[in-house]
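Novice: The chain contents come next:
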Amino acid sequence: MISLRGVEKAFPHGPTKTYVLRRIDLDIKPGEFVSIMGPSGAGKSTLLHILGMHDQSWSGEYFFDDVPVHTLDGKKRAALRNRNIGFVFQSYHLLDDQTVFENLELPLSYRDVSKKDRQSIVCDTLDRFQMVGKKDLFPTQLSGGQQQLVGIARAVVASPRIILADEPTGNLHSAQGKEIMDMFKRLNDEGTTIVQVTHSETNAAYGNRIVRLEDGWIVNGQ
Amino acid sequence: MDAFLNDIRYAVRNLIKRPGFTLIAVLTLGIGIGANTAMFSSIYALLLKPLAFPELDRVVAIWDNNPIRGEVHNEVAMANYLDWRAQTQSYEHLALYRWFNANITGLDQPERVQGFAVTANFLDVTGVKPILGRNFTEEDNQPGKDVVAIISHSLWQRSFGGDPNILNKTITINTYQLAVIGVLPEHFNFPKGGEVYAPIELTPEVTSNRTLHGFYVIGRLNPGVSIEQAQAEIDNVTARLEKQYPETNTGLGATVYSLVDDMVRAYDKPIWVTMGFVGFVLLIACANIANLMLARATGRHKEIALRAALGATRWRIMRQLLTESLIVALIGGAFGVLLGFWGIDALRWGNPGDAAKFAAGWYQLGINVPVLLFTLGISIFSGLVFGLAPALQVSKPNLNDALKDGARQVSGSSHRLRSSLVVFEVALSLVLLVGAGLSIRSFLYLVKTSPGFNPDNVLTMRILLPWGKYPEEPKRAALYHDLLQRVKAVPGVESAAFVNYLPLGGSNSSDDYLVEGDPVPQPGRENSGRYRVATPDYFQTMRIPIIRGRGFSEQDKAGIQPVVIVNETMARKHWSVQDAIGKRIRFNGPPEKNPWMEIVGVVEDVTHELNLAVTPEYYLPHAQDPWNAMALVARTTVDPTSIAGQIRQQVWTIDKDLPAYEVRSMNEVWGLAASMYSFSSVTLGFFAVIALLLASLGIYGVMAFAVSQRTQELGIRMALGATTSDVLKLVVKHGMKLALLGIGIGLVGAWALTRFMKALLVGVEATDLLTFAVVSGCLFIAALLACYLPARRATKVDPLVALRYE
Numbered sequence: 010m011i012s013l014r015g016v017e018k019a020f021p022h023g024p025t026k027t028y029v030l031r032r033i034d035l036d037i038k039p040g041e042f043v044s045i046m047g048p049s050g051a052g053k054s055t056l057l058h059i060l061g062m063h064d065q066s067w068s069g070e071y072f073f074d075d076v077p078v079h080t081l082d083g084k085k086r087a088a089l090r091n092r093n094i095g096f097v098f099q100s101y102h103l104l105d106d107q108t109v110f111e112n113l114e115l116p117l118s119y120r121d122v123s124k125k126d127r128q129s130i131v132c133d134t135l136d137r138f139q140m141v142g143k144k145d146l147f148p149t150q151l152s153g154g155q156q157q158l159v160g161i162a163r164a165v166v167a168s169p170r171i172i173l174a175d176e177p178t179g180n181l182h183s184a185q186g187k188e189i190m191d192m193f194k195r196l197n198d199e200g201t202t203i204v205q206v207t208h209s210e211t212n213a214a215y216g217n218r219i220v221r222l223e224d225g226w227i228v229n230g231q
Numbered sequence: 045m046d047a048f049l050n051d052i053r054y055a056v057r058n059l060i061k062r063p064g065f066t067l068i069a070v071l072t073l074g075i076g077i078g079a080n081t082a083m084f085s086s087i088y089a090l091l092l093k094p095l096a097f098p099e100l101d102r103v104v105a106i107w108d109n110n111p112i113r114g115e116v117h118n119e120v121a122m123a124n125y126l127d128w129r130a131q132t133q134s135y136e137h138l139a140l141y142r143w144f145n146a147n148i149t150g151l152d153q154p155e156r157v158q159g160f161a162v163t164a165n166f167l168d169v170t171g172v173k174p175i176l177g178r179n180f181t182e183e184d185n186q187p188g189k190d191v192v193a194i195i196s197h198s199l200w201q202r203s204f205g206g207d208p209n210i211l212n213k214t215i216t217i218n219t220y221q222l223a224v225i226g227v228l229p230e231h232f233n234f235p236k237g238g239e240v241y242a243p244i245e246l247t248p249e250v251t252s253n254r255t256l257h258g259f260y261v262i263g264r265l266n267p268g269v270s271i272e273q274a275q276a277e278i279d280n281v282t283a284r285l286e287k288q289y290p291e292t293n294t295g296l297g298a299t300v301y302s303l304v305d306d307m308v309r310a311y312d313k314p315i316w317v318t319m320g321f322v323g324f325v326l327l328i329a330c331a332n333i334a335n336l337m338l339a340r341a342t343g344r345h346k347e348i349a350l351r352a353a354l355g356a357t358r359w360r361i362m363r364q365l366l367t368e369s370l371i372v373a374l375i376g377g378a379f380g381v382l383l384g385f386w387g388i389d390a391l392r393w394g395n396p397g398d399a400a401k402f403a404a405g406w407y408q409l410g411i412n413v414p415v416l417l418f419t420l421g422i423s424i425f426s427g428l429v430f431g432l433a434p435a436l437q438v439s440k441p442n443l444n445d446a447l448k449d450g451a452r453q454v455s456g457s458s459h460r461l462r463s464s465l466v467v468f469e470v471a472l473s474l475v476l477l478v479g480a481g482l483s484i485r486s487f488l489y490l491v492k493t494s495p496g497f498n499p500d501n502v503l504t505m506r507i508l509l510p511w512g513k514y515p516e517e518p519k520r521a522a523l524y525h526d527l528l529q530r531v532k533a534v535p536g537v538e539s540a541a542f543v544n545y546l547p548l549g550g551s552n553s554s555d556d557y558l559v560e561g562d563p564v565p566q567p568g569r570e571n572s573g574r575y576r577v578a579t580p581d582y583f584q585t586m587r588i589p590i591i592r593g594r595g596f597s598e599q600d601k602a603g604i605q606p607v608v609i610v611n612e613t614m615a616r617k618h619w620s621v622q623d624a625i626g627k628r629i630r631f632n633g634p635p636e637k638n639p640w641m642e643i644v645g646v647v648e649d650v651t652h653e654l655n656l657a658v659t660p661e662y663y664l665p666h667a668q669d670p671w672n673a674m675a676l677v678a679r680t681t682v683d684p685t686s687i688a689g690q691i692r693q694q695v696w697t698i699d700k701d702l703p704a705y706e707v708r709s710m711n712e713v714w715g716l717a718a719s720m721y722s723f724s725s726v727t728l729g730f731f732a733v734i735a736l737l738l739a740s741l742g743i744y745g746v747m748a749f750a751v752s753q754r755t756q757e758l759g760i761r762m763a764l765g766a767t768t769s770d771v772l773k774l775v776v777k778h779g780m781k782l783a784l785l786g787i788g789i790g791l792v793g794a795w796a797l798t799r800f801m802k803a804l805l806v807g808v809e810a811t812d813l814l815t816f817a818v819v820s821g822c823l824f825i826a827a828l829l830a831c832y833l834p835a836r837r838a839t840k841v842d843p844l845v846a847l848r849y850e
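Protein chains in written order, with the working numbering: chain X, 10 to 231; chain C, 45 to 850.
Honestly, I wouldn't trust all of these hints.
Said to hold, decoys possible - Label-pair ranges, simulated between beta-carbon atoms:
no., chain 1, residue 1, chain 2, residue 2, range
1, X, S118, C, V818, 30 to 40 angstroms
2, C, L71, X, S123, 44 to 54 angstroms
3, X, H208, C, F48, 53 to 63 angstroms
4, X, S123, C, D842, 23 to 33 angstroms
5, C, G788, X, H208, 50 to 60 angstroms
6, X, H208, C, H459, 34 to 44 angstroms
7, C, G788, X, K124, 18 to 28 angstroms
8, C, H459, X, E210, 27 to 37 angstroms
Hints were generated in silico from the structure; no laboratory data involved.
These numbers come from a predicted model, not from an experiment.
Cβ coordinates follow ideal geometry from the N, Cα and C atoms, glycine included.
The task is simple: from the sequences and hints, build the whole structure.
Specialist: As structure tokens, then:
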């Protein structure tokens, strides 16, 4: 599904460069649950955003379903991303002035889904995540765990084939974190590929592969 | 006191630390305050204190009215005035005057000035005393007394070199010798343009006349008497006179006005409308600065929270913020005074022609103590207006949130306030733009619409034959006939004629007429029409098309069948254009003195006053009604003003004492008549453009700020799949929602307010749909541009950077 070959990212630093990622070769197959781990500054989030096609400035080769992402322009990358990838963030990044329902509707509105279909999809998703009763609440009226649940629901609402999660339980206490990880596991069991960045060995244990990064290099799990 | 000084010190330091903000705020405010200062200066000089009369509020003007005929400002008949004077108690003095053309001769060149014939108590009403000599006495009004005059300060200086021994010297006016008995103070300018004041000779014939409505009445109320009381009293008197003299006084009433209101009614509306405009500009400027202050306060959120955490009360924080606002406002006010000087210069430079010269109080135009007090007042007011809302908004921070790192700095209510300010600005701008648009449309209408004649290459000048020297009608007719032949012989003159009043010249003559075969109208319902007296070739010279019959000819002489030419409107009112020829009309008066006149021609309507509809009008041949004061119109093949000197020489060849004055091309006459409209359209247009710029800046500022505050949100949206066009649309939509709301409110406001502009409009309705639509479109485009620029910046948001906040 995903194949990275010789991917590097660096920032110019005077006459030299500071590398954040070095010669990354990585393959992720459909249905995998991959955890990217490593110390702070190892390049985990950077790698995740490259996988998510948010980051445009890197070198190397990136194939998504054999499509050479490195040759696509911004528009085509965005289209590819919108068709296939969902995101979950550590800080949830819900829009405070929109209700739960509207937050879930947002990714669909960017994918030209009709209003009628949007409503039906969001209702299904709310039902699936057992949040129907909270659909009219604003994010600030929810607990952290509930907010992240909405964040995951928002990530899956457009039926992505892969979910990229950046420390999804980082801001949650352990009980809430477990609930979220159970949700990821369930999604993975239903066929969605999951790639998460985590510091937690417990959370990593939910997956079937761990990729370890240090100083921008993959040291294990390639 | 110490705390207050501290506030000032801290405020000054803060303003110096942010020179960009301070400069923009001071400039924006300076423009608003400067415009207001200049306008208030003209309001003070022209409308509030146009006359330096003691206890001016006690001075009134009284006009005849006739509701049956729809007349509200009619001159008064002498006998009625004398009855008012005898039968009322409200007045300390009640005086009467009429104007006359004063031909001063015996000087280097004959000079025509404005004269006023007055009752002896005229100056008593004004409360002004001569600086030299004496006032008139009742005896001066008696027939057979020595003829005396009081002259203006400017005439004394200009024509007599300020001669201190001028008293009892004689001057020749209209061939009469008048002894100068007094000189008025400098700047005494009442009635407007007056230079010579002479007593009216109260002969029995004059004092018994109730039909000649040619006099103006002014009065000084007794102390404590209100205008309403004076009105009630005169209502009783006019009701009595109506019963006593039904033939002349049916339907005749009188209205008492404050003299200032009466004087300024011709030009107060444009000035008030312009003042309203600049007031709006100031409010828009204040809204802009309030928005700047809010944005700035957002940056100071932590500082303010810290002050509150350290024990500052809300009032203490507000005081600090308001001190800063007031200091900005006062610096802006000082800058505004500077701009006000230039604004007043611009007003003087662009003044509506003679209107300014004859506007009493024009000499006072400038920065004086009342104007400075006004400027100080509006500066403080502005400081409070733009400072209060932000101060209220940020002086009550949520300490828990505000002191956290990375906490959101903008509350929802702050957004709402900023958005409301933008809506307010857009709405005000739309009102101003509609006003300016209507004004410009009026002016364009005037430029494009034919006045019914061709003003190009026509020279005009007025000539006055003194009654004393030319009492006989044949002599007057002969002189004008002779002069016309001489003028026609001047090289460059194609054709020439005389008319008593130029079209658009500001003066008209009118009289009632009877139509042969029609029943005599009831008193108060007479046919009223304008009439002009012209020599042959007038219509040809002015290029006024004759649509039926003929123009005047040399054969239309005195002593034969009187003839008349009517305009199209009059022909259609009574007959038809075809049927009018051969019909007869006459002036409404004794038949022996007012013979029937046969209609020999119908001409196209001519615009004689720009803002009034054409009314029935008829023309008489000068040979059959030889007026003494006429205006020359000469169509030339060269620049008309280039041969004015030669034509004046021709006048003086006939009579060296004849003044030829008001020498202008017909285009200049048109320009003067249209000057109020051109002045309004330029002034209002200028302020509307400033308003548009300020409002656009306001929208831009709010949107740019919103984008900077929404960086993270936009990043999230992009991470969730929003394309650049989605982000562009999102930001533009947000801004345009505000703009459209503002436009909607502005349209309602404009619809309600532009009716006050009716006096400034010609050829366009105050609710002209096209103007409303075009102006809304312009504002929409400006708002779109103002939204587009920040929206473009929003599309450059890098989701990676935005998301890195976590």
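Novice: For every hint, state whether the structure bears it out.
Specialist: Now the hints, each set against the structure:
1. S118(X) with V818(C): 30 to 40 angstroms: 35 angstroms, holds
2. L71(C) with S123(X): 44 to 54 angstroms: Given a distance of about 50 angstroms, which is inside 44 to 54 angstroms, the answer is holds.
3. H208(X) with F48(C): 53 to 63 angstroms: 56 angstroms, holds
4. S123(X) with D842(C): 23 to 33 angstroms: 31 angstroms, holds
5. G788(C) with H208(X): 50 to 60 angstroms: Given range 50 to 60 angstroms: holds, Cβ gap about 54 angstroms.
6. H208(X) with H459(C): 34 to 44 angstroms: 37 angstroms, holds
7. G788(C) with K124(X): 18 to 28 angstroms: 26 angstroms, holds
8. H459(C) with E210(X): 27 to 37 angstroms: About 44 angstroms separates the Cβ atoms of H459(C) and E210(X), which means 27 to 37 angstroms is violated.
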